[in-house]
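Undergrad: So the sequence lines, in the order shown, correspond to chains A, B, C and D.
At position 115 of the first sequence (counting the first as 1) the number is 111 in my numbering, and the numbers step up by one without a gap.
At position 19 of the second sequence (counting the first as 1) the number is 15 in my numbering, and the numbers step up by one without a gap.
At position 152 of the third sequence (counting the first as 1) the number is 148 in my numbering, and the numbers step up by one without a gap.
At position 22 of the fourth sequence (counting the first as 1) the number is 18 in my numbering, and the numbers step up by one without a gap.
Each hint should be verified, as a subset may be incorrect.
Pair by pair, the computed Cβ-Cβ distance ranges are [claimed, not checked]:
#: 1; chain 1: D; residue 1: A27; chain 2: A; residue 2: H87; range: 41 to 51 Å
#: 2; chain 1: A; residue 1: R123; chain 2: D; residue 2: M21; range: 46 to 56 Å
#: 3; chain 1: B; residue 1: D1; chain 2: A; residue 2: P107; range: 33 to 43 Å
Mimicking BS3-like on lysine-lysine, the simulated pairs with C-alpha atoms at most 25 Å apart in a straight line are [what the hints assert, rightly or not]:
#: 4; chain 1: A; residue 1: K196; chain 2: B; residue 2: K195
#: 5; chain 1: B; residue 1: K51; chain 2: A; residue 2: K14
#: 6; chain 1: D; residue 1: K26; chain 2: D; residue 2: K51
#: 7; chain 1: C; residue 1: K174; chain 2: D; residue 2: K51
#: 8; chain 1: C; residue 1: K42; chain 2: C; residue 2: K14
#: 9; chain 1: D; residue 1: K135; chain 2: C; residue 2: K174
Derived from the structure by calculation, the hints contain no laboratory data.
Glycine included, every Cβ here is placed at the ideal spot set by N, Cα and C.
4 protein chains.
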Amino acid sequence: MPSNDDILDIATAIFADKGFEGARMDQIAKAAKVNKATLYYRIGGKEALISAVLKRLFSAKVARLEQALETIDDVEERVRAFAATLVDGDHPEQFSAIMLREVAAGGRNLPDDVLPLMGRLVGALERTLSQGVDEGRFKPVSPFLTHMLLLGGCALYATNAPIRRRVAAQAPGVASLKTELPLEDVAHALADLLLDGIKKT
Amino acid sequence: MPSNDDILDIATAIFADKGFEGARMDQIAKAAKVNKATLYYRIGGKEALISAVLKRLFSAKVARLEQALETIDDVEERVRAFAATLVDGDHPEQFSAIMLREVAAGGRNLPDDVLPLMGRLVGALERTLSQGVDEGRFKPVSPFLTHMLLLGGCALYATNAPIRRRVAAQAPGVASLKTELPLEDVAHALADLLLDGIKKT
Amino acid sequence: MPSNDDILDIATAIFADKGFEGARMDQIAKAAKVNKATLYYRIGGKEALISAVLKRLFSAKVARLEQALETIDDVEERVRAFAATLVDGDHPEQFSAIMLREVAAGGRNLPDDVLPLMGRLVGALERTLSQGVDEGRFKPVSPFLTHMLLLGGCALYATNAPIRRRVAAQAPGVASLKTELPLEDVAHALADLLLDGIKKT
Amino acid sequence: MPSNDDILDIATAIFADKGFEGARMDQIAKAAKVNKATLYYRIGGKEALISAVLKRLFSAKVARLEQALETIDDVEERVRAFAATLVDGDHPEQFSAIMLREVAAGGRNLPDDVLPLMGRLVGALERTLSQGVDEGRFKPVSPFLTHMLLLGGCALYATNAPIRRRVAAQAPGVASLKTELPLEDVAHALADLLLDGIKKT
DNA sequence: TATGAATGAGTGTTCATTCAT
DNA sequence: GATGAATGAACACTCATTCAT
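Using the sequences and the hints given, assemble the complete structure.
TA: Have a look at this one:
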């Protein structure tokens, strides 16, 4: 019998793939190998399932992020670690896909108690950037805009593989579409690209 | 009697708001003030409506983009114009929302004849960047990754206003969440942030 | 294709038999020979169906009642006509069953616009009784209590046939259970019983 | 741990309020503060619960009725006591509501062993009336119809308070709706109304 | 061309009941 | 005897789509 956590794993995968509106409770129950009524007994309904998935997803991401930054002193490394953590974990594209859809939906499904987590996400980068400024190594840039670039760039890259491949197959001219790099390297590269603009020369 | 283009306008707005799965044909017909059967008669069905919306959306965006770049010589200005065009138009958040959702969905709904448009989007930036390199003004950076950052940053910012406000209301500590700038200024700022890293010193 | 009125006929019969909670929309659709979705398209949902049935039921009863009283001058005859009308019509037990259940339910399902009809029901009897008093033929009795007796007695008798027969079969001793009279005779007898107490001697 | 009798108390209240079809085993278990599985273990299921409630309800009513009549000799007083007993007890509206619904349902849920109780209910009144005839005080009237009037009038009045108030609020014209008397006075008044018609002058 | 009406196949949810311990 | 967890079968309602006119 799958645990509630197993159910959330399955639901996360399906929500990432189909979106909240497109996902079917039947399908989730079947994929999780629990009776649909059991799914309702244990979780409580679609809305509760969505909330639980979002909460777990963002909690875990923020926890890993704060943990990662804890042990790193160098501000440049911190920025790189930030980007890397955005796309780490077992199914990095799930976090990205759900986050992108939820942003597009205006956060309609975000429970109030998940919002502070998003604040901590921005806050972590904000502190890193101001520390860099204090150390005389970073120019003073808008933390929120930097966050948008990094998060948007990482999330978009993490989820656009299927489109990229289709476009690449159709448009042999655009060379830059063809490279397939590990997500981790891409996060590093994206961070470096940004850092080049942020660092004081 | 609304024209097909009027219908696509309405459909675009609703798809941006609710997603393809969340949008209802009833609602679109009602909002467009056409009979539901007429909607089917003129457009052909939900899938056809989605295709038409996506095609028109990306055609228009690419057209405006290429037109904008046509008249600009300076490579830095071209990058800024690129960002600005990503968020211009009457309802910039609609393009962003639909694009983000579609990327998250793996491009499931993108008709084949829309794919070349995405290639042209990347291609336009790629040419600008390589021109900058040729002119000795840009470092050689990955055009696709740059594209991810710029597109992701702009689209995320263009759609995250509702969430940003909720987070800002709950987390008075994070100062950078509070600023509310016009989208076009933000696009400009994001481009500058990136340009700082791309430009040769 | 059955008309909406045909559907209400069927729904009334099923509601009378099973109660609102016990009736199933599937069953009503099937019995009315319309597709379930058609039932919803035409009526709007269970609550709307209940409201429509209640409204039509009480409208018709009050209309027939007021029409019947219109042409009768003699106050005793008016009381008898009142009782007779309570149990007239094609399926008198349906009105009685639905009314009894609804009273037991505290009028939970009675739409606001049906309430005035109930007022007219009581009002019609009230006017008749006070006319009888004015004419010096009736003692002054509480119209509402009289209404309770007459309505309760008629409705109970109109619906209790199945129980009465079962009890009669089991209890051969109770002679008065065995008589099976036409409903309209019973209404007449009930009215006479009451009139005996109301009439001035 | 609540006794089975406590459970039946709760079930009776909920059945009276919601009807058998509208009542939920979950709700009953929760209100009775027993585990749902315990409810099944101790009572046996919804049908058994309904049977138990009906049996206890009618047993108690008949017992109180026969006990009340036992000590009264005067036939008029007996009729008044009959009416009074119909609406006595802790929650008189519960008996009335359940009885009305069950009559409307054609006695579908009445177990065979409850039927004799209904016979004794009618029988008690029948004996009183024939005694009155024997004593030369009552006219010979149908005991069953008299029973219908008295039981219907009392039960209807005992349960229609919510509707009466709503109607009264909407129809200020109908004066007789406004009086709010104790149930026991009403029973007395209803009995008197009937007695006036039954008594020999 | 346009549309009011109709519908097969879902869709989220509930409920009486049963298990395993 | 008692119970937390599980479930098959409904159940009210919806939706993209199609007809008939």
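Undergrad: May I ask which of the numbered hints given earlier this structure violates, with the numbers listed in increasing order?
TA: When the structure is compared with the hints, none of them turns out to be violated.
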